[in-house]
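The whole structure should be built from the sequences, with the hints applied where relevant.
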Amino acid sequence: PPKPSSQVYWERYVLEISDGLEDLGGVKWDLALCLLLSWIIVVACLVKGIKTSGKVVYFAATFPYVILITLMITGLCQPGAINGVLYFITPSFDRLLDIKVWQAAAGQMFFSLSLSMGGLIMYSSYNKFSNNVFRDAMVVSVLDTFTSIISGMVIFSVLGAMAHDLGNVDVKDVAQGGPGLAFVAYP
Numbered sequence: 001p002p003k004p005s006s007q008v009y010w011e012r013y014v015l016e017i018s019d020g021l022e023d024l025g026g027v028k029w030d031l032a033l034c035l036l037l038s039w040i041i042v043v044a045c046l047v048k049g050i051k052t053s054g055k056v057v058y059f060a061a062t063f064p065y066v067i068l069i070t071l072m073i074t075g076l077c078q079p080g081a082i083n084g085v086l087y088f089i090t091p092s093f094d095r096l097l098d099i100k101v102w103q104a105a106a107g108q109m110f111f112s113l114s115l116s117m118g119g120l121i122m123y124s125s126y127n128k129f130s131n132n133v134f135r136d137a138m139v140v141s142v143l144d145t146f147t148s149i150i151s152g153m154v155i156f157s158v159l160g161a162m163a164h165d166l167g168n169v170d171v172k173d174v175a176q177g178g179p180g181l182a183f184v185a186y187p
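Counting in the numbering used here, the final residue of the sequence shown is number 187, and the numbers go up one at a time with none missing.
Simulated from the structure, these hints should not be mistaken for laboratory data. Here the structure is a predicted model, which means the values were calculated and not measured. Mixed in with the good hints there might be a few duds.
Unchecked claim - Ranges between beta-carbon positions, derived for each pair:
1) Asn168 - Leu115: 39 to 45 Å
2) Pro79 - Arg12: 39 to 45 Å
3) Pro79 - Lys48: 32 to 38 Å
Said to hold, decoys possible - Cut-off 16 Å, straight-line C-alpha distance, at most; resulting in silico cross-link-like pairs (EDC-like, lysine to aspartate or glutamate):
4) Lys3 - Glu22
5) Lys3 - Asp165
6) Lys3 - Asp23
All C-beta atoms, glycine included, are put in the ideal place defined by N, C-alpha and C.
What follows is the structure, given as structure tokens:
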């Protein structure tokens, strides 16, 4: 099946994926500089301490939701988006017995909630002793689930629109899964 232009751009120009290990390619300086900038920001936050970065969290925690909801509304207004959303919400009950599905779900849960990473323990060390941990755990779990559903709506509405633009191709044939899916769907 034909590849969407965003996937071709992601694979050929951003990542510069080569044909094999014989052709490794050079350093992508724009990506290397972005990585350096990210590490400079991380070091600055670590030097200043966690308590001083608390004010940044108000913006950093809410702004992604504004962007995500904007992308969802934009994606749902595209022709063919409903096919992608239906593909996203239609259950495949026959796959419930597949152990790989449960393994992927558990991995996603550990990744999205940052379980066993140490960050939650570090943040919790700043809580008061009488803090309601159960409430916090429930709020984080509900917000994580909400974020995952909204993100899925955004990605699959865009994939449905891309399938429509490619000539009514099936949604599952539009883009391959994996970590690059968001970079193909979001642009």
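Now the hints, each set against the structure:
Judged by the Cβ atoms, the range 39 to 45 Å given for Asn168 and Leu115 holds: they are separated by roughly 41 Å. At about 27 Å, the beta-carbon gap between Pro79 and Arg12 misses the expected band of 39 to 45 Å. At roughly 48 Å, the beta-carbon separation of Pro79 and Lys48 lies outside the given 32 to 38 Å, and the hint is violated. Note on Lys3 and Glu22: the hinted pairing is violated, with a Cα-Cα distance of about 25 Å set against a maximum of 16 Å.
Between the alpha carbons of Lys3 and Asp165 the distance comes to roughly 11 Å, so the proposed pair stays at or under 16 Å and holds. Proposed proximity of Lys3 and Asp23 is contradicted: the alpha carbons are some 23 Å apart, above 16 Å.
In summary, the structure is inconsistent with hints 2, 3, 4 and 6 from the numbered list given earlier, while agreeing with the others.
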